Amino acid sequence: MTYGIQHISRLSSVRIPRLFRGCHKGLHSSRTELPSHYTLPSGDRIPSVALGVWKAKKDEVGPAVQTALKAGYRHIDGAWIYRNEAEVGEAIKTSGIPRKDIWLTSKLWNTFHAPENVEPALDESLAHLQTDYLDLYLIHWPVAQNADSSVNEELTANPYPTWQKLEEMVEKGKVRNIGISNFNIRRIQNLTGNPLKIKPAINQVELSFWNPQPELVKWAKENSLLLEAYSPLGSTGRAKDSLAVPEVMEISAELGITPAQVLISWQVQRGNIVLPKSVTPSRIIENLQITKLPPALVEKLEKAAAAHKPERSVDMSKNW
Numbered sequence: 004m005t006y007g008i009q010h011i012s013r014l015s016s017v018r019i020p021r022l023f024r025g026c027h028k029g030l031h032s033s034r035t036e037l038p039s040h041y042t043l044p045s046g047d048r049i050p051s052v053a054l055g056v057w058k059a060k061k062d063e064v065g066p067a068v069q070t071a072l073k074a075g076y077r078h079i080d081g082a083w084i085y086r087n088e089a090e091v092g093e094a095i096k097t098s099g100i101p102r103k104d105i106w107l108t109s110k111l112w113n114t115f116h117a118p119e120n121v122e123p124a125l126d127e128s129l130a131h132l133q134t135d136y137l138d139l140y141l142i143h144w145p146v147a148q149n150a151d152s153s154v155n156e157e158l159t160a161n162p163y164p165t166w167q168k169l170e171e172m173v174e175k176g177k178v179r180n181i182g183i184s185n186f187n188i189r190r191i192q193n194l195t196g197n198p199l200k201i202k203p204a205i206n207q208v209e210l211s212f213w214n215p216q217p218e219l220v221k222w223a224k225e226n227s228l229l230l231e232a233y234s235p236l237g238s239t240g241r242a243k244d245s246l247a248v249p250e251v252m253e254i255s256a257e258l259g260i261t262p263a264q265v266l267i268s269w270q271v272q273r274g275n276i277v278l279p280k281s282v283t284p285s286r287i288i289e290n291l292q293i294t295k296l297p298p299a300l301v302e303k304l305e306k307a308a309a310a311h312k313p314e315r316s317v318d319m320s321k322n323w
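Per our numbering, residue 4 is the first one in the sequence shown, and the count goes up by one each step.
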């Protein structure tokens, strides 16, 4: 699938923002300069931009997914803990788009790291999503918890038993690719130091202007580990601040794209998959339009992002 305004202009049910009107050729040609997909070690091709459904309410997520699919998205990023997988599954079912054409990601929650709990948790997600397989299944956080939410020190220190169960899910055909989320370099090395049958294909982490993580980005490239960027606009609490960053606004004006498109395009240009989230139709469409930034502007953004102390928008460590 090629992302492009061509997919949007044929949609009578989706209103096209003023920004995109009258610029069909230019947008499509610029978008093709950035990758629409990345190839994983399995050979599967994962779309470079996804709709994230974190915090999407049950009555909002279905229409958001339908809007996204109509606009050309073929990648939906969800999780068991988001509590909206049933609504996502129903929206996909009613879209009429074949399951094989949609990349579906879910995540194993902390309280299911015990090997005996992995498959039942996965089966619940599969049932809610109305599918018999996931394209990608991630360990959501590197912290394992017991049923009472206390930290399971043993599985947190050694996630290998959990990972072995994920490998088994691949062997059973319930999952095509497996990966991790919110793992730093030390925790990745702790896992991969084991005799893995399947190495992590993805590490989904927070990547934004406020938390660019250049060391992790560099290390991941050197070790052939693809990163996925959640909260690319700085999450709900920092989105307005992100869009008002002077350097972002300057690049937006120079290229004739929105500040959100600057930040999303920047992450793809860094070699990452990007997971912007929204339930607003115009923003869902806007977020899919990525444009290759001139190298000088990429460097400008990198320097500006590295000039301040990193700030995490999502920090769960205080809860554990």
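Source of the hints: derived by calculation from the structure; they are not laboratory data.
Predicted model, so just to flag it, every value in this text is computed and none were measured.
Virtual Cβ for every residue (Gly too), placed ideally from N, Cα, C.
Some clues are possibly wrong.
Said to hold, decoys possible - Think about it this way: if two alpha-carbon atoms lie no more than 27 angstroms apart in a straight line, the pair counts; the simulated DSSO-like pairs of lysine-lysine are:
(1) 96 to 61
(2) 202 to 175
(3) 200 to 177
(4) 103 to 202
(5) 295 to 224
What the hints assert, rightly or not - The following label-pair restraints were derived from C-beta to C-beta distances:
(6) 197 to 256: 46 to 54 angstroms
(7) 256 to 160: 44 to 52 angstroms
(8) 46 to 101: 37 to 45 angstroms
Checked hints:
| no. | hint | result |
| --- | --- | --- |
| 1 | 96 to 61 | holds, 16 angstroms |
| 2 | 202 to 175 | holds, 17 angstroms |
| 3 | 200 to 177 | holds, 16 angstroms |
| 4 | 103 to 202 | holds, 23 angstroms |
| 5 | 295 to 224 | holds, 19 angstroms |
| 6 | 197 to 256: 46 to 54 angstroms | holds, 50 angstroms |
| 7 | 256 to 160: 44 to 52 angstroms | holds, 50 angstroms |
| 8 | 46 to 101: 37 to 45 angstroms | violated, 19 angstroms |
Hint compliance for this structure: hint 8 is the single one not met.
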